[in-house]
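**Q** For reference, the chains in residue letters:
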Amino acid sequence: MEIWRWIAARRLSLTFFLLGLIILLFILVPLLKMVFSSDPGILWDTLLQGEVRSAIWLTLYAALLATVVGLLLGVPLAYFLARHRFRGKRLVEALIDVPIVVPHTAAGIALLFVFGQDFFLGKAFHLMGIDFVSAVPGIIIAMLFVSVPFLVNSAKQGFERVDVRLEKVARTLGASPWQAFFRVSLPLAWRSIFSGSVMMWARGISEFGAVLILAYHPMIAPILVYERFEEYGLEYAQPVAVLLVLVCLLLFIGLRTIAYRGERA
Amino acid sequence: MIEIRNLSLDVGGFRLEDINLKVESGEYFIVLGPTGAGKTILLESIAGLHPIKSGEVWLNGREVTALEPEKRGIGFVYQDYVLFPHLSVRGNILFGLKQTKRPKDELRSRVDWIAGLLGVSHLLGRKPETLSGGERQKVALARALSISPQVLLLDEPLSALDPHAREEVQQELRQIHRRLQATIIHVTHDFEEAIALGDRIAVLGEGRIIQVGTPEQIFRQPNSEFVARFAMSRNIFSGEVRDGGYGETIFAVEGTELAVVTPLRGKAHASLRPEDILISQEPLISSARNCLRGTITRIDNRGSTIYLTVSTPLDFVCLVTRRSFEELNLAQGDEVYLTFKASAIHVF
Chain A
1 MEIWRWIAAR RLSLTFFLLG LIILLFILVP LLKMVFSSDP GILWDTLLQG
51 EVRSAIWLTL YAALLATVVG LLLGVPLAYF LARHRFRGKR LVEALIDVPI
101 VVPHTAAGIA LLFVFGQDFF LGKAFHLMGI DFVSAVPGII IAMLFVSVPF
151 LVNSAKQGFE RVDVRLEKVA RTLGASPWQA FFRVSLPLAW RSIFSGSVMM
201 WARGISEFGA VLILAYHPMI APILVYERFE EYGLEYAQPV AVLLVLVCLL
251 LFIGLRTIAY RGERA
Chain B
1 MIEIRNLSLD VGGFRLEDIN LKVESGEYFI VLGPTGAGKT ILLESIAGLH
51 PIKSGEVWLN GREVTALEPE KRGIGFVYQD YVLFPHLSVR GNILFGLKQT
101 KRPKDELRSR VDWIAGLLGV SHLLGRKPET LSGGERQKVA LARALSISPQ
151 VLLLDEPLSA LDPHAREEVQ QELRQIHRRL QATIIHVTHD FEEAIALGDR
201 IAVLGEGRII QVGTPEQIFR QPNSEFVARF AMSRNIFSGE VRDGGYGETI
251 FAVEGTELAV VTPLRGKAHA SLRPEDILIS QEPLISSARN CLRGTITRID
301 NRGSTIYLTV STPLDFVCLV TRRSFEELNL AQGDEVYLTF KASAIHVF
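Chains as they are written, first to last, in this note's numbering: chain A, 1 to 265; chain B, 1 to 348.
Excised from the complex, chain A in its bound form (with noise of 0.2 angstroms):
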């Protein structure tokens, strides 16, 4: 009868899990299998070959390129945007949040026309001896484009959440709009961005469509799975996948880890 009672008395909040339950298993389940049902030798062997090791390599230093690019020109707009008011700042908002519904193949031909070398934009920055397509830039644009989303909107709620008073403050104490920014709103909106970088970074990392498009070698891992998915089948991706997220949920795990603690200090 007790045990009856506990549970009639969290007919919600056990409804409200169960359901819940059946998404988180979704999730785990499939990487657990794949994880699990790989032969841990293969893995050692796959991660011994020259293209797999720098496919990986490429996909995680490219999309840090491209987060660093999204820190450098993001957060001052993602400043600018917490701290206006203007006519058609809704326009602006929806337009940061195009890349993420536009589908990503797309969104890899869109940019092949600007900085492909038949537009000016792609012309000049030949002149000055980067090109784009099938290179190193064309999937740090692809990234940058797909995941800069992330980081915005993150660092913009970050700033929003910091008080325009302390700035003001700030200024009546002799500080500079910049030693304002830097020395009060940055530190303060400082998580968000940390937390909109690490997210920015792991979409960058999983971007496909959008590479495959601009880039297709060098070769970044997605693409490398699905070259040996096509060719040689589910046996020869399932390796180069496992690593994949492996590599990946370590890096996300440890950042994580790192800006949870900054939270609780």
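Keep in mind the hints are simulated off the structure, nothing from the lab. Values in this document were obtained by computation on a predicted structure and should not be read as measured data. Beta carbons: idealized from backbone N, C-alpha and C, even for Gly.
Over the 12 angstroms line for every Cβ pair with chain B, so calculated as not near, a few chain A residues:
1) ARG11
2) LEU18
3) ILE22
4) PRO30
5) MET34
6) SER38
7) LEU58
8) LEU60
9) LEU71
10) LYS89
11) MET128
12) PRO137
13) LEU249
14) LEU255
15) ALA259
Facing chain A, from chain B, some residues (calculated, C-beta under 10 angstroms):
16) PRO69
17) GLU70
18) GLY73
19) GLY75
20) ASP80
21) LEU83
22) PHE84
23) LEU87
24) LEU97
25) THR100
26) ALA140
27) ARG143
28) ILE147
29) PRO149
With chain A fixed as given, assemble chain B onto it according to the hints.
**A** Just chain B, lined up with the frame of chain A:
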């Protein structure tokens, strides 16, 4: 000296029109006005935190209207402290000093001195979130004073505090003013606070300065209905507190002695709400320590309530309902008795 000339503002519902103020060096100046009168924006405009479209601000004979806030040397304290949450108390007080690029040990000793002045030395290592309201406001004051500002602007500095902390911070403000000869502009909606602290008071209402004067002038000779309403919300007396017999405390004012409850002694103010005074035609035998005989000199009809001025000969404003007024059949010139408890009088 700070001077505001012909300042007009119109921002999101707040309007200030043609504000002219002149605050002398070393003066404790109060701007008294109801909530929502645009007092915060007035202060932010003086500090340069809010752009001024029309009007001028002069600081020690120099026009600063277009000067950036960081170059004005004006300290600012908000009602809810607004301490930097990512910095310790020491970091907060050091913030402005670091901008001066003076040697480290000089900054350190300056922080220690300011912290000592405000009694927050023991809090230097703490984070703002661990402090009480009173402590936070003292740290905010220390932070504002650290840069030796030419003027200190206080935006309702006592309003967010509980009564005990309010008393404490009020004492602190008085002390800072005396010891540092600081020029202070303090805005508040609290009439008692204005009288307790101000050398002069400007009453702000409907976007304009309605009256400027000493506290006495404001509550003795209000120049308008608006100021009178502010002043009438309390009976305010200035007098002296001393010990009476039987453990009683006496507040003496113009020959009248009132029983009060307070730890203060010496010159002070006392306030009594009109609604705390009982009116009767015969003397009342009760536990209330104060019972005075007087004559009704004025009847101010406000609809369902009526304000009576009773001269004992000290003038008391008393509030009665229309029904009591009619049942007691009161009229001008009638003799009545006023009864109120010693604890109903607030001494400050």
